[in-house]
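Trainee: Residue numbers (the numbering used here), protein chains in the order written: chain A, 1 to 523; chain B, 1 to 58.
Rather than coming from a laboratory, the hints here were simulated on the basis of the structure. Every clue listed holds true.
Below, a list of computed lysine-lysine pairs in the DSS-like style, where the Cα atoms sit at most 30 Å apart:
#, chain 1, residue 1, chain 2, residue 2
1, A, K361, A, K216
2, A, K338, A, K296
3, B, K32, A, K186
4, B, K30, A, K457
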Amino acid sequence: MAKILFINPVVREEDVPRHIPYGIALLAAIARDDGHQVQVYDANAWRKGFDVVRQVLAADQWDVVAIGGLTTTYNFIKEVCRLAGEHAKDSLLIAGGGFLTSMPREIMSWIPEIDLGVIGEAFVTFPDVLKKIDKGDLDWSKTLGVVHRNDKGNIIVNTERPNINNLDTIPWPAWEFFPLEDIYFKNSSSLFSEEAYYAKRRIDINGSYGCNLICKYCWHLGTTGDMVVRPDPAGNNDVAFTYGRNIRYHSPDYIIEMVKQLKAEFNIDYVNFLDENLMTMDVYSKRTWLKELCEKWIEAGLQPDCRRLGVPFDEVENNGVFWSGTSHASLHRPETLKMMYQAGCTHLVYGLESFDKKILKNLGKGSTPDRNETSVAVCMASGIIPIPNIIIGFPEESFGSVRATIKSLLKLGIHAKPHFATAYPGSEWYYRYKDSIAAQYDGNLEKYVLDLGDATKITATISHKFSCMDLLGLQEIVAQRDLRLLDIAEKHWGQSDETIVATATPQISHNIIQDKTKTPLQK
Amino acid sequence: MSDFLKGTYTVDKEIVDETAKATIAKDEFKKKALNSIGGSMVFVEREKYVWDGDEEGK
Chain A
1 MAKILFINPV VREEDVPRHI PYGIALLAAI ARDDGHQVQV YDANAWRKGF DVVRQVLAAD
61 QWDVVAIGGL TTTYNFIKEV CRLAGEHAKD SLLIAGGGFL TSMPREIMSW IPEIDLGVIG
121 EAFVTFPDVL KKIDKGDLDW SKTLGVVHRN DKGNIIVNTE RPNINNLDTI PWPAWEFFPL
181 EDIYFKNSSS LFSEEAYYAK RRIDINGSYG CNLICKYCWH LGTTGDMVVR PDPAGNNDVA
241 FTYGRNIRYH SPDYIIEMVK QLKAEFNIDY VNFLDENLMT MDVYSKRTWL KELCEKWIEA
301 GLQPDCRRLG VPFDEVENNG VFWSGTSHAS LHRPETLKMM YQAGCTHLVY GLESFDKKIL
361 KNLGKGSTPD RNETSVAVCM ASGIIPIPNI IIGFPEESFG SVRATIKSLL KLGIHAKPHF
421 ATAYPGSEWY YRYKDSIAAQ YDGNLEKYVL DLGDATKITA TISHKFSCMD LLGLQEIVAQ
481 RDLRLLDIAE KHWGQSDETI VATATPQISH NIIQDKTKTP LQK
Chain B
1 MSDFLKGTYT VDKEIVDETA KATIAKDEFK KKALNSIGGS MVFVEREKYV WDGDEEGK
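Using the sequences and the hints given, assemble the complete structure.
Mentor: Listed below in structure tokens is the structure:
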């Protein structure tokens, strides 16, 4: 059986490691259950630098070195791949995850050391690849869901792999392969709610895949039915992202049994749901999924004592498990939120993004300024703390839209330093503004990808009106909620709209299909 | 035996973190200082300091 080294790349270096990489933990569990020899080096958790990576790569005769992560890990991944070419040159280097799936042709050309890339959902593709390796069969020409090079060195993107139908067939993540006690539990606390702040043993879990909204800044890692493979204008297969979805969720029983196991084995006190959006999933289930999940959470004895007794959380010793996740301003309902609070939900992240009508309409988020405003009070009335996220620098951003957002922030008592609108590879924004983005990086898209972070730093601007300089100032004005400064800035701007050269202009792209074409679903 | 690798078996080869403690302290200080930049809080990167004085001053 294959000997596999998984490497989890460093992400968000400015913060402590907080999240066990869910995808790698799942693939490690699948490989383990298939009988392979598995090792995990969690570089993000250890943060020990490249000398340790070199030693890890040379520590055994790996058949496979597997690496993957979000686009924001690209910098680290590129260097690890270079080192793998030196210190594990007899191993097959396999990449996967968001950084690769969003732009497989570019990544394979930018990182020549990668032998094989797994595109989109890897739950079937990766074990399939391992089986072929065990047989000594390295012909990838008929393997679904991969990118590889042919005999001439040309990059070949194979047909997409169907998504699996029943998520409950996936094993629980291999938590035991990650430094829980040394690293992750020490970083359990977060500042989103009092309960989250006092969390001592948090683990993240994922209950669902998919979100039927079509936010232009978002993409779904090619794992939610949103990805197909189609010929590009030159006739070469490439990925294309669509509005199609294969919405799937784990059964409440699967989730409850997993949390019970985590409580029994690791004595966790907090769970954060990584799901794209719990509320969109609840709507898809016709409002049954969260209800059943909350009921079973309580039946299983996972409800924190303070919620059972109806007292503040610090008045009793809580033996249950608090939890948090994501919500949506138009899709949440008071009765659902109340159930969630009862079961132990402490806070929900709301991507409100803006309070401007035109921006919200064009964004595809399915919300309005009024709903955004109301959502804060509706959520708070349940006892759950809303965590509203705000963005600045939309393509349509104007002084008026910024003013609308500041006014709403003042009205709702929200203090926020907005994210910058960032066109991450894979998103509709990215493909619509690809040329404009490249132009801001001397025509070199890889420089842009290397520069990407968590959108708290400005990278490429996609605002038609405002430059990076303007947006940096406007971000601070929004953070200060200072309408006086905004008025002065607008007055200074004067008639500039008549002469300004747009920083970004949209384009047509073969990588975006604006209909419900979707990844096939396994039969 | 280091704990850096976790998995289904024990890797024989020992992995040693040879990063000097001084480097760790230096990096940690730099990280915290950079996160505090503002007003009178400034940070000068010592390793990037290349100017060695005006020709005339020599």
